[in-house]
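Undergrad: FYI, my numbering numbers position 278 of the sequence shown as 278, with every residue one higher than the one before it.
It cannot be assumed that every hint is accurate.
Unchecked claim - Listed below are the simulated SDA-like cross-link pairs for lysine to any residue, each with C-alpha atoms no more than 20 Å apart in a straight line:
no.	residue 1	residue 2
1	K157	K396
2	K129	L50
3	K77	K277
4	K432	K445
5	K72	L31
6	K129	K180
7	K423	K450
8	K428	K445
9	K264	K77
10	K156	K264
11	K156	K124
12	K6	E53
13	K22	K77
14	K335	E351
15	K277	E444
16	K450	Y205
17	K124	L198
18	K2	V200
19	K349	N311
20	K160	K130
21	K358	E427
22	K130	S13
23	K414	K430
24	K185	N161
25	K453	N161
26	K396	E427
27	K6	N112
28	K277	K405
29	K36	D49
30	K2	K137
31	K405	K335
32	K95	E82
33	K180	E153
34	K230	N311
35	K137	E359
36	K302	E351
37	K137	K185
What the hints assert, rightly or not - Listed next, with one range per pair, are the computed distances between beta-carbon atoms:
no.	residue 1	residue 2	range
38	L45	K124	37 to 45 Å
39	W375	T91	45 to 53 Å
40	N419	D261	34 to 42 Å
Treat the hints as calculated values from the structure; they're not laboratory data.
The model shown is predicted, which means the values in this text are computed figures rather than measured ones.
Cβ atoms here follow ideal geometry from the backbone N, Cα and C, with glycine treated the same way.
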Amino acid sequence: MKEFNKFYFEWFSFDNENLIAKFNYSFDKELFFEEKIDFSSKDFLLRKDLDLEIINNILFHIHIALWISYYKFFPTKDLVLETWVLDDFQTDFWKKFYINWLWEFFYKNNLNPNLFVNFIYENKKFFQKKEFEVSQKYLVPVWWWKDSIVSIELLKKMWKNMDLVTFAVNDNILYENTAKNSWLKRLFIKREMPKNILEVISLWYYNWHVPITWMIAFVLELASYLYDYKYIILSNELSANFWNTIFFWVSINHQWSKSLDFEKDFWEYVEKYISKKVKYFSILRPFYELRIAEVFSKVAKKYFNSFSSCNTNFKIFNKKENKINNNYWCNSCPKCAFVYSILRPFLTKEETLEIFKKELYEDKSLEKLFRELLWISWIKPFECVWTNEEVILSMKMILDKWKWKLPYILEIFKNEVYNKMTKSDFEKLKQKILTADFESNMVEKELLEKLEKLDFLV
């Protein structure tokens, strides 16, 4: 593996006619990467007063956010910005931003986290923010997960005639299914990774997941400006605020870019450097994931055959032709095991098999995975899975109504967790997990008031 000394943010550009943005990076001016994002969407009208200065300002921030996809191959201490300079506030924001992801990267790759992230500037120019107006319209980023679906259905119930569309990066059949079932238009853009990225991965450079939520957060700012949307409504839950493990005396949270901490920081940064008009928040922040699963089981039956939370089907090696595995669940990863567990209390056995095609609690090969989800092994999987308390409560709810011989995984739960807890312990857990927190969130006031009044959330 070749070593490098510096990572360069080289340049970015924007084609006004085709709406294609290009972002260029390199290691030591030797190994180059060019990423493209096509912001054109044929079914949507652009705002009429496009301003290239505003676009360039947002592109600058996207350029800084996307770099992590390439920097991870060989992390260097020095980061050279060849475009504009960051002030002290921006520098602190981006260092926090990077470190909250990099700490997990360092942990998984056994690297010393104290040797990295030093900004060097080759251009001494500061870029000035230029404010803009946006219309009272709502953009809901969707993957194909149950959380996005719950957000859509809640918003439709809260506001019958709201100007609401879904947003996605790179279209596929599951996005299409979500749009069809929701009866909403879909605005999707196309992200094209560098042609040499698979070659670099094959050369055994460092690798790990990228925090796609924070990267797309900045991309959404430009989409909101181009297509004139005021509200960006995320589907991140209260459970995303909790850490996985400790490394160098720092709490590592795999989901930090979905946390309230990030949301507050991002809100403040965007108001200061991009726009005070565009609002970014999560409509599901008041709820734990188990509560969201309960709502999903009530309002989203029509989606049962067309959603997934499995990341195994969404890896870069499977995306060359923008296709995913037709089997929406691998039934062997942390996401599959967790979603199965939190949905199981609210579904019939027939509905469970309709979605997952098998009974995961009978699979002995998943023992290690479920021990991690329950925190019996004292480490939470580095995936977008939620708290062990939710898994414990969901399994307790399942156990209480189970009519058949206990499967292997539930036997483990009964012997090693359930039998060590009291009725009072479970009552406190139920009160905590299934009660909404309408205080700690960034939800727009009018929407929050409507959310509190929905009858099936009471």
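Undergrad: Taking the earlier hints as the rules, which of them does this structure contradict?
TA: 1, 3, 4, 6, 7, 8, 9, 10, 11, 12, 13, 16, 17, 19, 20, 21, 28, 29, 30, 31, 34, 35, 39
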